[in-house]
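A.B. asks: Bring the two chains, given one by one in their own frames, into a single complex with the hints.
Read off the chains here:
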Amino acid sequence: VRQVRSSIITAAIVTIAAWAYTISAATTMLASMPMPGGWSMSMAWMSMGHQSTLAHASMFLVMWTVMMIAMMLPSVMPAVLLHRRLVRSRVERGDRAAASQILLLAGYFSIWVAFGAVAYALGMTVAAAAMRSVRVSQLVPVATGAALAAAGVYQLTQWKQLCAVADRRWTSSRGARFAAPPTRGDLACTTARTAPPAVGG
Amino acid sequence: MVIQLSLGVMSVPLMALVALVILLEKQWRYGETLARVVGAASLAGGTVLALRATIPA
Chain A
1 VRQVRSSIIT
11 AAIVTIAAWA
21 YTISAATTML
31 ASMPMPGGWS
41 MSMAWMSMGH
51 QSTLAHASMF
61 LVMWTVMMIA
71 MMLPSVMPAV
81 LLHRRLVRSR
91 VERGDRAAAS
101 QILLLAGYFS
111 IWVAFGAVAY
121 ALGMTVAAAA
131 MRSVRVSQLV
141 PVATGAALAA
151 AGVYQLTQWK
161 QLCAVADRRW
171 TSSRGARFAA
181 PPTRGDLACT
191 TARTAPPAVG
201 G
Chain B
202 MVIQLSLGVM
212 SVPLMALVAL
222 VILLEKQWRY
232 GETLARVVGA
242 ASLAGGTVLA
252 LRATIPA
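Chains A and B, in that order, give the protein sequences. The first sequence begins at 1 in my numbering and counts up one residue at a time. The second sequence begins at 202 in my numbering and counts up one residue at a time.
Pulled out of the complex, with its shape left as it was, chain B reads as follows (with noise of 0.2 Å):
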């Protein structure tokens, strides 16, 4: 949900995506796998977006 939020304030369909994706972690039988694979990517996501708006160009 926190992601949800976040990513609304830039982009409605960005979060509509991430409630198919929460769908898909509780119901498809690989959505332990893919809870990995979204931490993973939203970690790496979220410290190059940080880094990338506090570092100067």
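Looking at chain A on its own, in the form it has when it is part of the complex (with noise of 0.2 Å):
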């Protein structure tokens, strides 16, 4: 019970320091450019003169992941509490396991990190874009818009309600519910995962 408290305990802070971080970085980022098409681009989509391609990368990706931490890290807890009641059983009865919370935490947001990697390239793709052409930049607050609406759109749909019930009932059962069988909510919710995620991810 000790571990499992300081190990929840431990969360807390990392949560709060990724928070901590994640409002003081984006509080540094307010600065933007007005662009063809009514809106503007922020100054964090382009490197400073001295700075080079890749530290400009691992700026925003640190930035990223911090945020991902801060976002997900709560979310993902149950999940961790339980890999570790089960790596116990096991060595109790006698086999090997491999009981790193670390690790598991480690993939998990390295798939985050991935996500991170592509959102720049696509992030600094739109802003080189929008810089060479006009008519790019005007396109942009229509596919903002376009895009917006569509995750509005899913945030309403009944796939989306299933999936938040699900997880609050995963979380609320601190991960028992992987030894229990799915729930139609489990089922549905997983379909709709397959689709590109909105608000919710």
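Check the hints yourself; a few may be wrong.
What the hints assert, rightly or not - Pulled from the structure, derived: some chain A residues nowhere near chain B, Cβ distances all over 12 Å:
1) ILE13
2) SER32
3) SER47
4) LEU54
5) ALA55
6) ALA57
7) LEU82
8) ARG84
9) GLY107
10) LYS160
Stated by the list, open to error - Some chain A residues near chain B, calculated using beta-carbon distances under 10 Å:
11) THR27
12) MET29
13) TRP39
14) MET67
15) MET72
16) ALA127
17) LEU139
18) ALA151
Stated by the list, open to error - Residues of chain A clear of chain B, computed beta-carbon distances all greater than 12 Å:
19) THR53
20) MET63
21) LEU81
22) ASP95
23) SER110
24) SER133
For the record, the hints were derived by calculation from the structure and aren't laboratory data. Here a beta-carbon is modelled for each residue, glycine too, at the ideal position from N, C-alpha and C.
C.D. replies: Here it is, written out as structure tokens:
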């Protein structure tokens, strides 16, 4: 129980620190540039003269990864604690089992880092294209509006609601649902998540 | 995530704000209601943004 409590306290401290960094980083990136089409592009997408592409990409990925930790760590902790419990019961039975929670979290967040790398590439491509072409710049708010509206529609679908219910049941059960058969909501949510993620991710 | 990336091109603070909304959706007891409110706001805001950019002033 003490070890579980220390894991939860550590996760809470990491989450708070990650939010502090995210807020601090975001407030230093307030500058933006007016663009054709009536929108403003964040200066975060423009590397400074002395900054290499690698340094700029690394800076973005650090901020992105910390933001993902702030956003997702509280939700993933039940799975981490369940993993710990499963490993312990296996070890008690005499089986060999890898028990690193850090490794589990590193694997989970490495997926988000990969997603961030794709997001960076996409963002830089859009920013560069908008800087080169007035027509592309004028299309950015249209595309953003369409993406926002599509994500809004997804948020209002039954799929999304089923996912939210499944997530909350999973979180409140502290991972015990791994041992139970999947419900209709779990299955619908899995199907929904094969579609592109919207707000809920 | 689509919203995060779309808005992130325009504003990094907005991207962080969306991250906070996602956290609240997952953790807060009123997360489902928040998800619906955010959905309606995104639909309305996205439609206005796209139309405003399409229709000349």
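A.B. asks: Now look at each hint and say whether the structure bears it out.
C.D. replies: So, going through the hints one by one against the coordinates:
no., hint, result
1, ILE13, "holds (16 Å)"
2, SER32, "violated (7 Å)"
3, SER47, "holds (14 Å)"
4, LEU54, "holds (20 Å)"
5, ALA55, "holds (17 Å)"
6, ALA57, "holds (14 Å)"
7, LEU82, "holds (17 Å)"
8, ARG84, "holds (20 Å)"
9, GLY107, "holds (19 Å)"
10, LYS160, "violated (6 Å)"
11, THR27, "holds (7 Å)"
12, MET29, "holds (4 Å)"
13, TRP39, "holds (6 Å)"
14, MET67, "holds (5 Å)"
15, MET72, "holds (8 Å)"
16, ALA127, "holds (7 Å)"
17, LEU139, "holds (8 Å)"
18, ALA151, "holds (5 Å)"
19, THR53, "holds (18 Å)"
20, MET63, "violated (8 Å)"
21, LEU81, "holds (15 Å)"
22, ASP95, "holds (33 Å)"
23, SER110, "holds (16 Å)"
24, SER133, "holds (15 Å)"
In summary, the numbered hints that this structure violates are 2, 10, 20.
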